[in-house]
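Based on the provided sequences and hints, a complete structural model is requested.
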Amino acid sequence: MRVFKKKNRGAQLTRAESLTCTPVKNTRIREARLETGEVLLTYPIRIRPWIANLIRRFGWGINRFQSKKLHLDELGTAVWDLIDGRRSVRQVIQRLAKRYQLHPREAEVAVTRFLRELGKRGLIGLK
Amino acid sequence: MAWNGIRFMAPVNWQVGTIGTRYLLLEEESRPVLEIKWARIKGAFSHKAHLHRLAALHGRNLGKAVRESPLPPGWKKALGGYSAKAFSWRGKTVSGKGVILYCPTCQNATLIQFYHRDASKAENASERLLASLRDHRQDNKVVWSVFDIRATIPNTFHLVRQRFEPGKFELEFMSKAQKVTLYRWGPASILLCDRDLVEFARAMLHISPVEPRSLSLAGSKAVEWNVTPPPSRWAHLWGRMKAKPSFQWTRLWHLEEKNCIFGVRIEGKRPLDTPFLDRICAGYESL
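Protein sequences appear in the order of chains A and B.
Take the first sequence: its position 72, counting from 1, is numbered 72 in my numbering, and each next residue is one higher.
Residues are numbered in my numbering as their position in the second sequence, beginning at 1, plus a constant of 1000.
FYI, nobody ran anything at the bench for these hints, they're computed from the structure.
Every residue gets a Cβ at the ideal spot worked out from N, C-alpha and C, and that includes glycine.
Among the clues, some could well be false.
Derived list of chain A stretches under chain B, where covered just means 3 residues or more per stretch with a C-beta under 8 Å from a C-beta of chain B [to be verified]:
#1 37 to 50
#2 106 to 117
Here are the simulated DMTMM-like pairs of lysine to aspartate or glutamate, each with C-alpha atoms no more than 25 Å apart in a straight line [what the hints assert, rightly or not]:
#3 A:K98 - B:D1148
#4 A:K120 - B:E1165
#5 A:K98 - B:D1194
#6 B:K1258 - A:D73
#7 B:K1258 - A:E17
What follows is the structure in structure tokens.
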């Protein structure tokens, strides 16, 4: 019996496949536009039950710990605004590259890295 | 496209996927289409030995059988000046065809592999690419042209470091006496939205107390500064003894129409030659 069994992460998308996916925003996110035009996202976070119990025992309000904020810079805001549930990752990359005169490959790395980070925080999903 | 001595014309939709000191992997729609590696050969060159080594590597790593194949007539015509041997291999979803080249003039050996999904389409592209392939120049200069930058550097300088990250490209070259670093930052509209070029230069290149000079370079805003040790004998001796170069010259310029910032830094232990600095800057351009 293998003690340290490798986790089965399911089928991984290839780079070509992931570029054809469409990013979709999480509907539970609150989006605020700052004076600078940048976006401030407030998103819920899931607290592990034992941490939630601990918080309750100390008598702290649980609501304080249930959301987090993320301030996007100008480039991040531009990508965020391009996510409309219809455009694919490739289309987002092309639009961003055109707008800021970036090399397509440079834009691809920047956008995919950013989307991966948003995905990890549960701010977007891919369909 | 030009990198470390090799130059060729690739189709527009073939993009650099991986880049090494003497290695390039080009992709089309995120799939590999061309792999090229090269090296200077000391002594005699044997196509057979290199093909054998390649076959062993493919067999071990990828489970593909590489076999020697006749050189296609189109390739033979395109590769007139080279001594060439072709090979091919076939995988489950992709097959490949390649050639091992040896240039007797510069003793450079090059391995080129084309990954095929649609063989007929690939044939024309490969012929055109091979016809444009060059591995040496007569003017002792090396052209570096990838993504959206192109630089011409004397061949006495060799590449020691390359960094291609979104927003920042950096190429570092060394010769016996000097170090040349090329920078490219972007998008400038974001980087310079709340500061000017001098402040940007201070933040990015950690300028010491030296005050940068603002100037105009072919219509572009530029800043330049140099660090020179005081002209005393002790300072000169100390400068020669310490590891860090004493003479430093840096220029940054903002290409508004390309929305990027270019930079060149040259360092050395001896006084820097101004025409050389200008030549490096003149040869460094955006595509």
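Hints, one by one, checked against the model:
no., hint, in the structure
1, 37 to 50, "violated (count 0)"
2, 106 to 117, "holds (count 5)"
3, A:K98 - B:D1148, "holds (14 Å)"
4, A:K120 - B:E1165, "holds (21 Å)"
5, A:K98 - B:D1194, "holds (22 Å)"
6, B:K1258 - A:D73, "holds (21 Å)"
7, B:K1258 - A:E17, "violated (31 Å)"
Hint compliance for this structure: hints 1 and 7 are not met, and every other hint is.
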